[in-house]
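Start from the sequences and build out the full structure, keeping to the hints where you can.
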Amino acid sequence: MSIFIQTRNRVSKFLQAFFRKKRTRIGIYGPPNAGKTTLANRIARDWTGEEMGQVSEIPHETRRASRKSDITISGSNGSSITIDIVDTPGVTTKIDYMEFLEYGVTRDEAVVRAREATEGVAEAMHWLREDIDGVIYMLDSTEDPFMQVNIMMIGIIESRNLPVIIAANKIDLPAASPQRIRSAFPQHPVIPISCLEGKNVEDLYEKMVNHFR
Amino acid sequence: MIEGIQIDLISEERLATMTSMEKIRMILDDVRRGTIVILEKGLAPEEQSTLIEMTMREILPDGFNGIEIETYPSRADSPGFLKRLLGKSAPESRLTVIGPANQLRMIKKDKDVISAWISTR
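Chains as they are written, first to last, in the numbering used here: chain A, 13 to 225; chain B, 2 to 122.
Rather than coming from a laboratory, the hints here were simulated on the basis of the structure. Treat each hint with caution, since some may be false.
To be verified - Listed below are the simulated PhoX-like cross-link pairs for lysine-lysine, each with C-alpha atoms no more than 25 Å apart in a straight line:
#, chain 1, residue 1, chain 2, residue 2
1, A, 219, A, 106
2, B, 110, A, 106
3, A, 106, B, 42
4, A, 211, A, 106
5, A, 106, B, 24
6, B, 109, B, 42
7, B, 109, A, 106
8, B, 110, B, 42
9, B, 42, B, 24
What the hints assert, rightly or not - Take a look, some chain B residues computed to stay more than 10 Å from chain A by CB distance:
#, residue
10, 14
11, 36
12, 66
A virtual CB, placed ideally from N, CA and C, is assigned to each residue, including glycine.
In structure tokens:
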């Protein structure tokens with residue numbers, strides 16, 4: 013191989029390594045039972061054919077952050093993004109094992125679940141500080157968006173200058189009010205969706221391609 | 002002796018002399034003892050993030066089960082050009098009430114009133 017070609021290859025490798033973009037990690041955050049894992053599953057299923065995690069009506073079903081890599085999402089104009097999706101445990105400032113007893117689990121199971129949930133929330137906050145490049149903030153549009161944990165989390169995300177899309181989930185329910193979420197956070201794009209039924213998820217994908225690029 | 006609940010009101014000046022970790026430690030130590038803490042000026046977003054994380058690490062079954070926290074919404078003032086240029090456009094933090102989750106319940110909050118109910122243990 014000529015010196016010219018060897019040099020060209022070395023320069024090419026150097027430039028590739030230098031300019032290679034770190035993979036974009038998009039965290040799905042929000043309070044417990046907002047539908048974060050349902051969304052993570054839908055994104056993973058729609059674009060890779062696989063699911064990410066188990067969902068249930070019991071709060072804090074997701075107690076560990078989990079990541080699905082190399083998801084390529086395409087927009088209508090042909091543009092696309094390749095991202096890692098990080099599904100995170102629901103963020104809260106309080107966890108009492110007694111609340112799990114209402115769902116028929118034993119005391120021992122409830123204590124373990126509560127301990128894992130506290131570890132999961134701490135882990136989610138750590139991910140947000142260190143390893144997340146953009147956020148889908150998931151809200152249940154039948155609930156009050158002005159809950160303090162939402163105000164705090166949006167403030168924390170803004171302070172880190174992370175791009176954020178707010179997904180107003182559960183619009184299939186009669187009590188849903190995505191407009192209330194728009195009023196609460198007018199500074200961010202709000203996409204009303206139903207992760208369960210798949211309603212408007214195409215709008216969310218379109219916004220993700222444009223917003224997280 | 003009068004029985005009741007201790008409330009600590011921490012001035013902005015006092016908070017300004019404390020490091021982030023000192024503030025968070027003080028809040029958690031006080032709240033775990035059953036004290037209601039009122040900060041004249043709220044915590045920065047980074048401090049709130051650390052407070053959530055440390056709260057989670059201190060929760061125990063049949064013991065401390067977390068915090069209730071409420072603050073006024075930040076004032077909606079548009080940051081000036083210089084602040085935007087320097088990246089100092091974070092919303093201003095305002096008066097904040099923090100207490101044990103099993104004793105403090107928020108009843109109502111709007112832009113300038115926080116109404117709370119406090120129970121004895």
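Results for each hint:
no.	hint	result
1	A:219 - A:106	33 Å, violated
2	B:110 - A:106	19 Å, holds
3	A:106 - B:42	22 Å, holds
4	A:211 - A:106	32 Å, violated
5	A:106 - B:24	19 Å, holds
6	B:109 - B:42	20 Å, holds
7	B:109 - A:106	19 Å, holds
8	B:110 - B:42	17 Å, holds
9	B:42 - B:24	12 Å, holds
10	14	23 Å, holds
11	36	16 Å, holds
12	66	4 Å, violated
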